[in-house]
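*Asks:* This is what each chain is made of:
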Amino acid sequence: MSTPQPAPLQASVHNWRATGFRRRLLLLSAVLLQTAAATYFMLSVLPYNGGTWVEIGMASVFAILFSWISVGFWIGVFGFVLRRTGGDRQSLMRQQNPKALAATAMARTAIIMPIYNEQVEDCLGRLKAVYLSVQRTGHIEFFDFYILSDTRDPDIWLNEQAAWASLTTELEAQGRLYYRRRPLNQNYKSGNVGDFLRRWGRDYPYMVVLDADSLMGGKTLVQMVQLMQRHPQVGIVQSSPSLLNGQSVFARIQQFSNQLYGPLFTTGLAAIQMGEAAFWGHNAILRTEPFMRHCGLRKLPSWGLFRGPILSHDFVEAAYMGRAGHEVWLEPELQHSYEESPPTLVEELTRDKRWAKGNLQHLWLLVRGRRLRLAHRMAFLNGIMSYAASPLWLAFLVLATIAAASMVIWPIDYFPEAHQLHPVWPEWQPLRALVLILVTFSLLFIPKFLAVFDTIAAGRSRHFGGGLRLFLSVLLEMIVSALLAPIRMLSHTRFVLESLFNLKLKWAGQNRSGESRWGEAILNQAFGSVLALSWIGFAYWIDPMFFLWSLPVAVPLIFAAPVFVLLSRTQAGQRLKRWGLLRIPEETGGSQLLDDLNGNPIQHCPHLDLSAFQLALVDPRLNAVHAALARQLGGAIRKTRLQTLREQCLRHGAESLSSGERNLLASDQVSLTWLHEQIWLAPPDSVWGQLLSKL
Amino acid sequence: MSVATCQSEQALHRIISYLDMAGIVITPLIEKRALGLITEALDAHSDDLLRACMARMPAFFELPERPLLCKAPPIRRGSLGYGDY
Numbered sequence: 089m090s091t092p093q094p095a096p097l098q099a100s101v102h103n104w105r106a107t108g109f110r111r112r113l114l115l116l117s118a119v120l121l122q123t124a125a126a127t128y129f130m131l132s133v134l135p136y137n138g139g140t141w142v143e144i145g146m147a148s149v150f151a152i153l154f155s156w157i158s159v160g161f162w163i164g165v166f167g168f169v170l171r172r173t174g175g176d177r178q179s180l181m182r183q184q185n186p187k188a189l190a191a192t193a194m195a196r197t198a199i200i201m202p203i204y205n206e207q208v209e210d211c212l213g214r215l216k217a218v219y220l221s222v223q224r225t226g227h228i229e230f231f232d233f234y235i236l237s238d239t240r241d242p243d244i245w246l247n248e249q250a251a252w253a254s255l256t257t258e259l260e261a262q263g264r265l266y267y268r269r270r271p272l273n274q275n276y277k278s279g280n281v282g283d284f285l286r287r288w289g290r291d292y293p294y295m296v297v298l299d300a301d302s303l304m305g306g307k308t309l310v311q312m313v314q315l316m317q318r319h320p321q322v323g324i325v326q327s328s329p330s331l332l333n334g335q336s337v338f339a340r341i342q343q344f345s346n347q348l349y350g351p352l353f354t355t356g357l358a359a360i361q362m363g364e365a366a367f368w369g370h371n372a373i374l375r376t377e378p379f380m381r382h383c384g385l386r387k388l389p390s391w392g393l394f395r396g397p398i399l400s401h402d403f404v405e406a407a408y409m410g411r412a413g414h415e416v417w418l419e420p421e422l423q424h425s426y427e428e429s430p431p432t433l434v435e436e437l438t439r440d441k442r443w444a445k446g447n448l449q450h451l452w453l454l455v456r457g458r459r460l461r462l463a464h465r466m467a468f469l470n471g472i473m474s475y476a477a478s479p480l481w482l483a484f485l486v487l488a489t490i491a492a493a494s495m496v497i498w499p500i501d502y503f504p505e506a507h508q509l510h511p512v513w514p515e516w517q518p519l520r521a522l523v524l525i526l527v528t529f530s531l532l533f534i535p536k537f538l539a540v541f542d543t544i545a546a547g548r549s550r551h552f553g554g555g556l557r558l559f560l561s562v563l564l565e566m567i568v569s570a571l572l573a574p575i576r577m578l579s580h581t582r583f584v585l586e587s588l589f590n591l592k593l594k595w596a597g598q599n600r601s602g603e604s605r606w607g608e609a610i611l612n613q614a615f616g617s618v619l620a621l622s623w624i625g626f627a628y629w630i631d632p633m634f635f636l637w638s639l640p641v642a643v644p645l646i647f648a649a650p651v652f653v654l655l656s657r658t659q660a661g662q663r664l665k666r667w668g669l670l671r672i673p674e675e676t677g678g679s680q681l682l683d684d685l686n687g688n689p690i691q692h693c694p695h696l697d698l699s700a701f702q703l704a705l706v707d708p709r710l711n712a713v714h715a716a717l718a719r720q721l722g723g724a725i726r727k728t729r730l731q732t733l734r735e736q737c738l739r740h741g742a743e744s745l746s747s748g749e750r751n752l753l754a755s756d757q758v759s760l761t762w763l764h765e766q767i768w769l770a771p772p773d774s775v776w777g778q779l780l781s782k783l
Numbered sequence: 081m082s083v084a085t086c087q088s089e090q091a092l093h094r095i096i097s098y099l100d101m102a103g104i105v106i107t108p109l110i111e112k113r114a115l116g117l118i119t120e121a122l123d124a125h126s127d128d129l130l131r132a133c134m135a136r137m138p139a140f141f142e143l144p145e146r147p148l149l150c151k152a153p154p155i156r157r158g159s160l161g162y163g164d165y
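Read top to bottom, the protein sequences are chains A and B. In case it helps, our numbering puts the first sequence at residues 89 to 783. In case it helps, our numbering puts the second sequence at residues 81 to 165.
Honestly, the hints are just simulated from the structure, not real lab data. One or more of the hints may lead you astray.
[Said to hold, decoys possible] Only pairs whose alpha carbons sit at most 30 Å apart, straight line, appear in this in silico BS3-like list of lysine-lysine:
#1 B:Lys-151 / A:Lys-307
#2 B:Lys-112 / A:Lys-536
#3 A:Lys-727 / B:Lys-151
[Claimed, not checked] Some chain A residues close to chain B (C-beta under 8 Å, calculated; not the full set):
#4 Tyr-267
#5 Arg-381
#6 Arg-386
#7 Val-706
[Said to hold, decoys possible] Far from chain A, by Cβ distances over 10 Å, these chain B residues were calculated:
#8 Ile-106
#9 Pro-108
#10 Leu-109
#11 Ile-110
#12 Lys-112
#13 Arg-113
#14 Gly-116
#15 Thr-119
#16 Arg-131
#17 Ala-139
#18 Phe-140
#19 Leu-143
Since this is a predicted model, take the numbers as computed values, not measurements. Just so you know, even glycine gets a beta-carbon here, dropped at the ideal spot from N, CA and C.
Let the hints inform the model, and build the full structure from the sequences given.
*Replies:* Now the structure itself:
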């Protein structure tokens, strides 16, 4: 084990704080000025110029939403300026002398991958690619790999265990690649990580957290350890994962936009946050000791949504690290950090449902969290607004509809204010409204154009398929984004309302490969489609002009089902890839990680005819592995129950047992060994005898 | 077809399946050895031919053993600090 080589840069600590303050002040000023001007303009568009409660509501909601968009716009602009002027000199990476960094001694690091009901072959395939990449750096001896399973389904976790055993043998990673399954799931992913830390955290100065869909290059991981070694005040370094390996149209669009526009926004965001960045929960390195000391997450003590375990733990952990005096850096210049996009919009929304609840929980910490740094409170606010923006947008549309309807249905109020001498002649200002919409859209689209310009200016357009294909891909991405925005808005609104009323959300694994089916899509989107049809029908009745204004929001909702299905198609995604559209640099220039992932899968593959539980009982080698890893369950009552279950399993087969019963048997060494022996002695006409005869 | 023939056929299938799953490549030599095992079991006049055959497996075949894997390193217990909200 190496001794850390601290090279504290105390002088630069003060510098970044002063720079950070100036940058944030600049951002705040720009956003406030822009929002104030736009809101003033908005009031001039309205018939009563803000003279009614409905219009005051519209202007207020508009101001919040506009400021939210404006923050994104200015972060994009900051990112663009920094990238075109050679990068942020204050970033952690730019403070390094590359030679000194490369010569920095390594330290033991645990790479952990918490998983829960995942596609085992896929996530272990990614871990294998990471392992091989680290091995190629020549520093594998500093890294241990942990698969931390929270899976409850015995057929999945037995398959995980079998795949881990196979991969360990394949990589000759005995004593370097470990598997741990918690007997009790508590506090979701953060509980799983906490369980690891309580057992083995003290063995490792650093811990890299990977998601089940994470992929990281070995050089990057080594660099991250060396960065931590050189900056003892840094608690977390968060890389900026790019999306890759998307197959469906949806995933390919997501990864294209992420890879094209992402660097601009992450550069800008990192420049604003500096040493008070957020932790995104994966593809990051953490200093274990302070993390263990300061980042235990207490359950929220309040009511409803704000009671119970913290669901989105990462932002909170970053805030606690910041509170303890440690820096958290987002470092966009760390290369080869990847994750995968959900394959379909359905899967993205399923994930968003959990994230919405997790982010809204932060509202309590935003207000009640003690001694948290302002920047981390702002990160909470940012996360909350990611979802709260949707119901606000919907509220704006509702208020706009009421305002438009009031001009037709109710008598016009020529004297909206008390003691008014002269009447007002309320009328909409469609030209001004058009200007306002164009300004709003420009805030959304200008950063994207800047990102494209940055790509072309840096000579990277060929990485995205060349000039023409880049242009066509951007066009396609923008059309799809415009189609998705109202669909996401309606879904997020539902998630926010569900969260606020604290309805039970299912925390399930993500489908990273399936396609959406027509029946399912039509059924799921029927509510939104009917709502949109009713809305435009009403809009047409009150004012044909208002009807036209409503179309950009209503049309995507009406056609949501086809959008869901078509975007989920893998074949169509592959066709676009063959045409050179939506390409990303890793597909154009090649990637060792991607080659390892797709060309060198893990050797383990599930049995075609037997479930993992059946295989654990039948296969002599797997039975030996599972039995060796199982415990000898004790207790007289439990032993009697196990005996009953064993006999039931032998007599009636695995299907006669519930998931919990199979779980119990698969966890017991005696049962596994006994059943294996008895099954191979089973008469040919018995359940197991018939099964064996088909092998 | 006699019952004994059926049983020996079933026993042969069972033995070959087991060996195959255990990772032994089935060659004519292995098949001959399996037949020898069944012959010996039949000669023993056992009531349960399958049981007699499976009991004789270790004597006739060297089954490959999978190296015992270390699922997790020794635990070094630590604790998490729970501060203010």
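*Asks:* If a hint holds in the structure, say so; if it does not, say that too.
*Replies:* For each hint, the structure was consulted:
Restraint check for B:Lys-151 and A:Lys-307: satisfied, since their Cα atoms lie roughly 27 Å apart, inside the 30 Å limit. As the CA atoms of B:Lys-112 and A:Lys-536 are separated by approximately 72 Å, the hinted pair breaks the 30 Å bound. This hinted pair checks out: A:Lys-727 and B:Lys-151 have alpha carbons roughly 25 Å apart, not beyond 30 Å. Checking A:Tyr-267 against chain B: minimum C-beta separation of about 6 Å stays under 8 Å; hint holds.
Because the smallest distance between the Cβ of A:Arg-381 and any Cβ of chain B comes to about 4 Å, under 8 Å, the interface hint for this residue holds. Interface restraint check: A:Arg-386 against chain B, minimum CB-CB distance 5 Å, threshold 8 Å, status holds. Taking 8 Å as the C-beta contact cut-off toward chain B, the hint placing A:Val-706 at the interface holds, the least distance being around 7 Å. Every CB of chain A is more than 10 Å from the CB of B:Ile-106 (nearest about 13 Å), matching its label as outside the interface.
The claim that B:Pro-108 is not at the interface with chain A holds, since no C-beta of that chain comes within 10 Å of its own (minimum 20 Å). Chain A leaves B:Leu-109 outside its interface by the beta-carbon criterion, the shortest separation being 20 Å against a cut-off of 10 Å. Under the 10 Å C-beta cut-off, the non-interface status given to B:Ile-110 relative to chain A holds; the minimum distance is some 15 Å. Every CB of chain A lies more than 10 Å from the CB of B:Lys-112, the least distance being 21 Å, so the non-interface label holds.
The claim that B:Arg-113 lies off the interface holds: its Cβ sits roughly 17 Å from the closest Cβ of chain A, which is beyond the 10 Å cut-off. At the 10 Å boundary, the C-beta of B:Gly-116 stays outside the reach of chain A, the nearest C-beta of that chain being 19 Å off. At roughly 19 Å from the closest C-beta of chain A, the C-beta of B:Thr-119 stays outside 10 Å, upholding its exclusion from the interface. A cut-off of 10 Å between C-beta atoms contradicts the statement that B:Arg-131 is not in contact with chain A; the least separation is 5 Å.
Against chain A, the non-interface label of B:Ala-139 holds: every CB pair exceeds 10 Å, the least being about 16 Å. No Cβ of chain A approaches the Cβ of B:Phe-140 within 10 Å, the least distance being about 15 Å, so the stated non-interface status holds. Remark: the non-interface label on B:Leu-143 conflicts with the geometry, its nearest Cβ contact in chain A lying 7 Å away (cut-off 10 Å).
The structure fails hints 2, 16 and 19 (numbered hints given earlier, in ascending order).
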